[in-house]
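Engineer: Based on the provided sequences and hints, a complete structural model is requested.
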Amino acid sequence: MTRLSPYRFAGRTAVLTGAASGIGEQLAHGLAARGSDLVLLDRDALRLDAVAEALRTAYPGVTVRTHVVDLADRAAAVAAAERIRAEHPAINLLINNAGVALGGRFEQLTLEEFEWVMAVNLSAPLVLIHHLLPALAAAPGSHLVNVSSLYGLIAPAGQSAYSSSKFALRGLSEVLRGELRGRDIGVTTVHPGGIRTRIAETARVGVNVSAEESEQGKQIFRAMLTFPPEKAAEQILDGVRRRRARVLIGASAKLPDVLARITPAHHMRVIQALTAAVVRAAASRTRPGAEQPTTGQEAAR
Numbered sequence: 001m002t003r004l005s006p007y008r009f010a011g012r013t014a015v016l017t018g019a020a021s022g023i024g025e026q027l028a029h030g031l032a033a034r035g036s037d038l039v040l041l042d043r044d045a046l047r048l049d050a051v052a053e054a055l056r057t058a059y060p061g062v063t064v065r066t067h068v069v070d071l072a073d074r075a076a077a078v079a080a081a082e083r084i085r086a087e088h089p090a091i092n093l094l095i096n097n098a099g100v101a102l103g104g105r106f107e108q109l110t111l112e113e114f115e116w117v118m119a120v121n122l123s124a125p126l127v128l129i130h131h132l133l134p135a136l137a138a139a140p141g142s143h144l145v146n147v148s149s150l151y152g153l154i155a156p157a158g159q160s161a162y163s164s165s166k167f168a169l170r171g172l173s174e175v176l177r178g179e180l181r182g183r184d185i186g187v188t189t190v191h192p193g194g195i196r197t198r199i200a201e202t203a204r205v206g207v208n209v210s211a212e213e214s215e216q217g218k219q220i221f222r223a224m225l226t227f228p229p230e231k232a233a234e235q236i237l238d239g240v241r242r243r244r245a246r247v248l249i250g251a252s253a254k255l256p257d258v259l260a261r262i263t264p265a266h267h268m269r270v271i272q273a274l275t276a277a278v279v280r281a282a283a284s285r286t287r288p289g290a291e292q293p294t295t296g297q298e299a300a301r
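The sequence shown begins at 1 in full-length UniProt numbering and counts up by one.
Simulated from the structure, these hints should not be mistaken for lab results. This structure is a prediction, so every number in the text was calculated from the model and none was measured. Each residue gets a CB set at the ideal place from its N, CA and C atoms; glycine is no exception. Take these hints with a grain of salt, some might be off.
[Unchecked claim] FRET-style restraints, in silico, Cβ to Cβ:
1. Arg183 to Thr110: 39 to 47 Å
2. Phe106 to Arg261: 22 to 30 Å
3. Glu212 to Arg74: 31 to 39 Å
4. Glu234 to Ala79: 31 to 39 Å
5. Asp238 to Gln216: 20 to 28 Å
6. Ala45 to Thr110: 22 to 30 Å
7. Val258 to Arg3: 23 to 31 Å
8. Glu174 to Gly11: 29 to 37 Å
9. Ala50 to Ile262: 41 to 49 Å
Structural biologist: So, in structure tokens, the structure goes:
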């Protein structure tokens, strides 16, 4: 099988979803710094405009276009994809980064809540890939990135919708990798661990999840979110350059991946014990008199 040549960023067009904050914002800066023209999508118009303006100021030689779109709305996602394809007949890089989180056991969620997660985390990437694949095929040496999750490697209780969506996106990526390689299109699946973003505060919980359970889940999230988003973005872009099949970010993704492969029937017991230890350590650091993190260590999104 022919080996794909390293991806070149300069002078090429990249489409990026979820670009207004967190990993997406850092990916936008990393791509611009490498000379890529950008097509940025997000539902947060104010944040997206601010990111675009910062990019245009910092990288005047790069073209930055924006599309405000709620990817949970299938019709809006289709319309955005069609506009992008009309404006860019050839696209070199598509990064499906946008995602939403929803806490709750399966029986605590409504079908509408479950379907909302699937719409953003799976259906939106499907729509964009379906409509933009001809544009990727028109650009020699193009590349596709789907951002899955740690929870696309393991499936902990209380993450029924989120984990289902991320496992499905992982499966789609693996199928496409085999199907598209012969067309000179690379595919990378990204599995971020605990990235220091605002997800603990912005994640939704099911309507039937108690306030106590909700707060407990947020505490676990906060304790795990330690990896800098700018470093995560650099690892993703390096993976694109090297045409890597998978990018696992942080020990919180790499260790569970190893455990899931070594002991598929029992790995969650070990992970639960490790998670409990991390939460206890985080709680001890926030007690009165404990040393507090510096600003640079606090949540970045």
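Engineer: Hint compliance check: list the failing hint numbers for this structure, sorted ascending.
Structural biologist: Number 5 only.
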